[in-house]
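Line by line, the protein sequences give chains A and B.
The first sequence begins at 136 in the working numbering and counts up one residue at a time.
The second sequence begins at 18 in the working numbering and counts up one residue at a time.
Where hints are given, some of them may not hold.
Facing chain B, a subset of chain A residues (Cβ under 8 Å, in silico) [claimed, not checked]:
1. P175
2. E177
3. L179
4. R202
5. K235
6. G239
7. T242
8. V246
9. I247
Simulated coverage check for chain B against chain A, where a stretch passes if three residues somewhere in it have a Cβ under 8 Å from a Cβ of chain A [claimed, not checked]:
10. 59–65
11. 119–128
Source of the hints: derived by calculation from the structure; they are not laboratory data.
Every residue gets a Cβ at the ideal spot worked out from N, C-alpha and C, and that includes glycine.
Residue-level listing of the chains:
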Amino acid sequence: GDSVTQMEGPVTLSEEAFLTINCTYTATGYPSLFWYVQYPGEGLQLLLKATKADDKGSNKGFEATYRKETTSFHLEKGSVQVSDSAVYFCALMNSGGYQKVTFGIGTKLQVIP
Amino acid sequence: SAVISQKPSRDICQRGTSLTIQCQVDSQVTMMFWYRQQPGQSLTLIATANQGSEATYESGFVIDKFPISRPNLTFSTLTVSNMSPEDSSIYLCSARPGPETQYFGPGTRLLVL
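Go ahead and model the full structure; you've got the sequences and the hints to work with.
Structure representation (structure tokens):
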């Protein structure tokens, strides 16, 4: 079945540091890929998405590129802020009729001043 | 996009009782879902709420424990029945307003004593 593997946290960075959160996936067909963010005490917010190979999703300074050859969708940001502290979930939506969404375990990011 | 609200936002309940969670979407959507997020864990799909018919449950979840209603295209309820402390989780409503796009509500934080 489909699965998403992402690096376990917590990840602690200083403000203005470069962020990478790795995400790889296993799926049949051609899934769509997503990053969601969950701020403390809140629900999930869609951060960015990519629906086909080589697409780059971007939002709020974050970006991720759909790499079919490496089955990866790593999240990056050039300069993190304290307000980016949250849990980040990588997810895929399969391309079959049911289009079920499968989530990774989530990576907690803590940015310190 | 879709704006999703949930009520209640949190509750503390006694074991053996039941709680009904309401989910309202600001636009008509074909697909609505209910997820559970246990402490420190990722999201697990409970069921797909089908408008006008019985919900479709994932493996490990049954209608007697988690009855779901979907009376129209903007509203759904999830009931957690005969609660035990193991049901303490965040319950998230989700909606898919279009292809390859899924949004989440803020969640209902449930603590069962």
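Verification of the hints:
{"no.": "1", "hint": "P175", "result": "violated (12 Å)"}
{"no.": "2", "hint": "E177", "result": "holds (6 Å)"}
{"no.": "3", "hint": "L179", "result": "holds (4 Å)"}
{"no.": "4", "hint": "R202", "result": "violated (18 Å)"}
{"no.": "5", "hint": "K235", "result": "holds (7 Å)"}
{"no.": "6", "hint": "G239", "result": "holds (6 Å)"}
{"no.": "7", "hint": "T242", "result": "violated (10 Å)"}
{"no.": "8", "hint": "V246", "result": "violated (20 Å)"}
{"no.": "9", "hint": "I247", "result": "violated (21 Å)"}
{"no.": "10", "hint": "59–65", "result": "holds (count 3)"}
{"no.": "11", "hint": "119–128", "result": "holds (count 6)"}
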